[in-house]
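S.K.: From just these sequences and the hints, can you work out the full model?
If you want the building blocks of each chain, they are given just below.
Protein chains: 4
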Amino acid sequence: MSTEIVEIKKPKLKNPIFIEGLPGVGNVGRIAAGFLVEELKAEKFAELWSSSFLPIVLVHKEANAHLIKNEFFFWKGKKRGQRDLIILIGDSQSSEPSGHYEVCMKILNYVKKFKVKEMFTLAGLSIGEKVEKPKVYGVVNDDKLIKKYKKYGVIFDSNKVGTIVGASGLLIALGKYLGIDGICLLGETIGYPVLPDPKSAKAVLSILTKSLNLDIDIEKLDKKVMEMEEFLKRLRDVETRALTQFLKGLYPAKPKEEKPTYIG
Amino acid sequence: MSTEIVEIKKPKLKNPIFIEGLPGVGNVGRIAAGFLVEELKAEKFAELWSSSFLPIVLVHKEANAHLIKNEFFFWKGKKRGQRDLIILIGDSQSSEPSGHYEVCMKILNYVKKFKVKEMFTLAGLSIGEKVEKPKVYGVVNDDKLIKKYKKYGVIFDSNKVGTIVGASGLLIALGKYLGIDGICLLGETIGYPVLPDPKSAKAVLSILTKSLNLDIDIEKLDKKVMEMEEFLKRLRDVETRALTQFLKGLYPAKPKEEKPTYIG
Amino acid sequence: MSTEIVEIKKPKLKNPIFIEGLPGVGNVGRIAAGFLVEELKAEKFAELWSSSFLPIVLVHKEANAHLIKNEFFFWKGKKRGQRDLIILIGDSQSSEPSGHYEVCMKILNYVKKFKVKEMFTLAGLSIGEKVEKPKVYGVVNDDKLIKKYKKYGVIFDSNKVGTIVGASGLLIALGKYLGIDGICLLGETIGYPVLPDPKSAKAVLSILTKSLNLDIDIEKLDKKVMEMEEFLKRLRDVETRALTQFLKGLYPAKPKEEKPTYIG
Amino acid sequence: MSTEIVEIKKPKLKNPIFIEGLPGVGNVGRIAAGFLVEELKAEKFAELWSSSFLPIVLVHKEANAHLIKNEFFFWKGKKRGQRDLIILIGDSQSSEPSGHYEVCMKILNYVKKFKVKEMFTLAGLSIGEKVEKPKVYGVVNDDKLIKKYKKYGVIFDSNKVGTIVGASGLLIALGKYLGIDGICLLGETIGYPVLPDPKSAKAVLSILTKSLNLDIDIEKLDKKVMEMEEFLKRLRDVETRALTQFLKGLYPAKPKEEKPTYIG
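Residue numbers (the numbering used here), protein chains in the order written: chain B, 1 to 264; chain L, 1 to 264; chain A, 1 to 264; chain P, 1 to 264.
Please note that the accuracy of each hint is not assured.
Put simply, identical chains are the same to the list, so a pair is met inside one copy or across any two.
Unchecked claim - Dumping the calculated DSS-like pairs for lysine-lysine here, alpha-carbon to alpha-carbon at most 25 Å:
{"id": "1", "residue 1": "K160", "residue 2": "K199"}
{"id": "2", "residue 1": "K106", "residue 2": "K176"}
{"id": "3", "residue 1": "K69", "residue 2": "K160"}
{"id": "4", "residue 1": "K112", "residue 2": "K69"}
{"id": "5", "residue 1": "K69", "residue 2": "K144"}
Worth flagging that the hints you see were computed from the coordinates, not collected in a lab.
M.R.: Here is the structure:
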């Protein structure tokens with residue numbers, strides 16, 4: 001397995017905070033972090049690809065091939081009380097169990113070079129039913145963080161959050177070994193993966209922006225989500241089908257009932 | 001695949017014996033070694049994680065994220081006839097066949113640094129029926145050990161024990177190449193993995209404590225087991241469900257209704 | 001996983017263009033590139049094998065064992081306006097998702113040594129129905145290439161080509177990081193993998209030969225395809241059955257009634 | 001993945017021939033090579049284990065743990081016309097497709113140190129029906145070998161042998177890159193893997209001993225096979241069941257209807 005980070009530029013950052021929002025349940029983290037990138041006009045400075053991602057490329061714009069990838073953005077604090085940020089978003093998490101560890105270690109070792117000492121990971125907490133006002137739960141890698149984030153309204157309760165699957169959990173648990181304080185913010189969501197949940201993303205963002213002293217109009221999120229929704233849905237369809245094909249046969253083949261999709 | 005050992009402290013040990021008790025059939029080894037750690041008040045000095053473990057974190061205490069891991073404890077002999085010990089317990093064995101070899105080699109090379117020359121691995125022997133007085137079978141990596149341990153009541157019979165699956169077997173078989181004498185103690189158990197078997201663990205511990213000249217009240221084990229049982233059952237449920245998810249789809253979803261509470 | 005390139009000779013090439021045509025949907029790329037190799041009498045100079053290919057050997061000629069492999073050919077431009085070429089054909093793509101990345105990176109790093117700065121990858125676009133006059137779509141790794149190849153009749157439309165699975169896509173997307181301009185030419189084809197599609201291959205070749213100023217009689221393709229067809233069909237049967245065996249049991253069994261005969 | 005060779009002694013061999021006989025269809029190769037080792041009283045000098053073998057240990061003799069492994073034996077030619085031999089037998093081939101390549105490369109690089117320039121691999125050719133007088137087919141990695149071995153009665157016909165799955169094929173095909181001439185001898189056998197076929201093994205041995213000028217009473221093979229049969233059958237049962245378990249769940253569990261088998 002190999003995982004590579006391709007640097008586009010080398011930003012100079014001062015004591016930056018790392019924020020992760022990759023696809024997952026309800027795409028809560030992906031939506032929240034993607035919105036942050038757009039609203040802050042954060043700048044991309046590195047891309048990560050991994051052989052543990054599915055071996056497909058996505059065609060964007062007129063006809064431009066893009067690897068399945070994760071992308072690092074930076075943003076510099078504008079005013080007193082704001083910190084420099086590194087934000088990670090992406091098309092996918094690993095499609096192999098062991099790939100999660102490799103990708104997360106690669107990410108952590110990379111942000112560590114920027115002297116990151118704090119991180120937020122953003123995720124959805126599947127609760128199996130619709131919720132009008134999603135609560136936000138927190139899981140930390142150091143007890144001292146519980147007190148700090150309770151005052152922003154984060155709920156800490158291991159009776160509600162027993163495990164975290166994938167990058168959002170691994171990043172903070174592995175980050176502990178690298179001396180990075182980490183909190184995972186989990187927004188309640190119904191938990192059907194195909195349904196992006198902007199409401200839950202808003203709840204998570206609300207706490208994140210308060211904690212980071214960011215001036216962002218979260219209400220614009222709904223409109224953005226509608227734009228993202230189609231892309232994210234299509235991405236997921238593509239991946240599910242690609243995986244099915246790999247499990248079924250040797251050569252990738254395009255499912256016949258669909259027009260512009262698979263090519264071998 | 002990567003497997004890392006994170007050292008918390010560097011104990012100075014004299015001619016230590018290595019004892020392994022990871023989850024397995026009836027959790028016999030895990031219960032026995034966990035009880036030993038608690039009763040001896042053994043001290044943790046290193047943690048091992050591996051990308052061959054499932055990519056999930058467990059939430060303990062109020063809301064603290066922990067990797068799936070194996071943990072090394074040490075204990076120093078207190079009186080004449082007692083030896084220093086390194087005890088390995090953990091949340092899980094590898095979830096990939098080839099991971100077992102990598103994790104076991106990592107463990108062996110690590111304890112080898114402490115000049116370990118003898119080891120016990122603790123496991124369950126599935127016999128398919130309830131047993132009132134579980135017998136303890138032994139499998140060794142050197143013939144000379146058979147005579148030595150027969151006098152403690154260990155039964156040696158390859159008609160009863162034809163194979164050993166996982167860490168308890170691999171550790172002694174690989175350990176042979178590293179010059180470590182090893183015996184696997186197998187307590188008879190019914191063999192349904194979901195059912196921890198304290199009776200079998202007691203039988204194994206009884207032989208182990210006699211061999212090692214340890215003063216431990218094994219009768220307290222039953223109480224401890226009830227405390228552990230809930231944690232171990234949930235851990236297994238969580239893992240089974242996580243694996244199912246990985247086999248079914250691309251994105252991990254957070255299982256709900258889990259709350260493993262951590263016991264020593 | 002390991003992937004090795006065995007060099008047979010070291011050609012001196014001037015500013016060569018790299019062309020890939022491996023098996024895939026309708027075997028469009030494989031047929032087109034194989035025909036090119038034969039018509040140009042291109043010379044083999046290197047072979048690639050990978051542990052991500054199935055662990056079987058093919059028996060060619062009287063009784064000669066051949067690894068499943070990819071093969072590099074070179075051809076030197078004969079007249080003004082013709083460029084030196086490196087052409088890659090092969091028996092198979094990776095049979096593991098992560099192997100695609102490893103094999104493609106190995107290929108790219110190898111052709112990079114010959115100072116390749118441009119590449120064509122050839123593939124089929126599955127459209128689910130028979131087509132009388134297959135159109136050729138293009139996907140690029142740099143916008144500037146769209147204008148360049150539109151004049152040869154390539155259609156660029158991400159509504160028709162949303163993703164590319166396997167080597168043809170990964171090579172251009174990864175190649176971008178190595179500074180290699182790449183275009184994937186996709187010939188429309190019905191998309192049943194078992195059915196080689198010479199018509200689609202002709203459409204792709206027609207554009208390729210115009211772009212490269214090659215003098216090749218594409219009409220001879222039909223005859224060649226009939227020769228190749230039997231080999232390619234059997235190759236696929238063999239692989240499908242071998243994979244099924246690996247999924248079913250431990251020991252490989254030799255499939256019978258196979259006789260792939262090798263064609264250039 | 002890791003594959004290790006543990007050397008027991010360093011024999012001095014003169015221009016040795018390498019012979020492989022690992023488990024496979026009808027266990028033809030394993031039986032033939034195992035008989036050779038016994039009859040020649042060949043001496044073991046190295047063991048190979050791989051993380052691509054199943055993570056189980058076999059309990060032999062009274063209660064002795066053994067890794068699943070491959071074993072290298074040597075024998076020194078006794079009289080004019082006899083060559084020194086390296087014979088490889090073993091419990092298993094790789095249980096993962098890509099492991100076959102890694103294990104075979106490890107084997108080849110190891111025997112290459114002894115300046116091996118010729119090799120025989122022994123296997124079964126599945127023909128789907130009982131055969132009274134099994135024929136022996138050959139597949140080579142160099143045309144010149146066809147003429148050489150035809151005179152010993154080997155049949156060369158790629159209409160009958162289209163592919164070879166696993167070590168016997170990979171060893172000769174990879175060996176070609178290392179400058180080792182190789183022939184795979186395939187004895188016709190019905191092809192049900194659970195049924196060892198001594199008749200086919202005899203046919204293969206008959207050709208091998210003639211080629212190598214060995215004085216061995218092949219008729220004793222039947223008796224030996226009956227001794228081996230039970231071990232081989234049990235080995236296969238164990239592995240099939242272990243694999244099933246790994247595919248089904250996390251922890252190895254013992255099937256309940258069977259007495260002395262699985263331990264976790």
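S.K.: All hints are to be evaluated individually against the structure, with a verdict given for each.
M.R.: Against the structure, the hints:
no.	hint	in the structure
1	K160 with K199	within (19 Å within a copy, 33 Å between copies)
2	K106 with K176	both (15 Å within a copy, 21 Å between copies)
3	K69 with K160	between (32 Å within a copy, 22 Å between copies)
4	K112 with K69	both (20 Å within a copy, 23 Å between copies)
5	K69 with K144	between (34 Å within a copy, 22 Å between copies)
In this structure, every one of the numbered hints holds.
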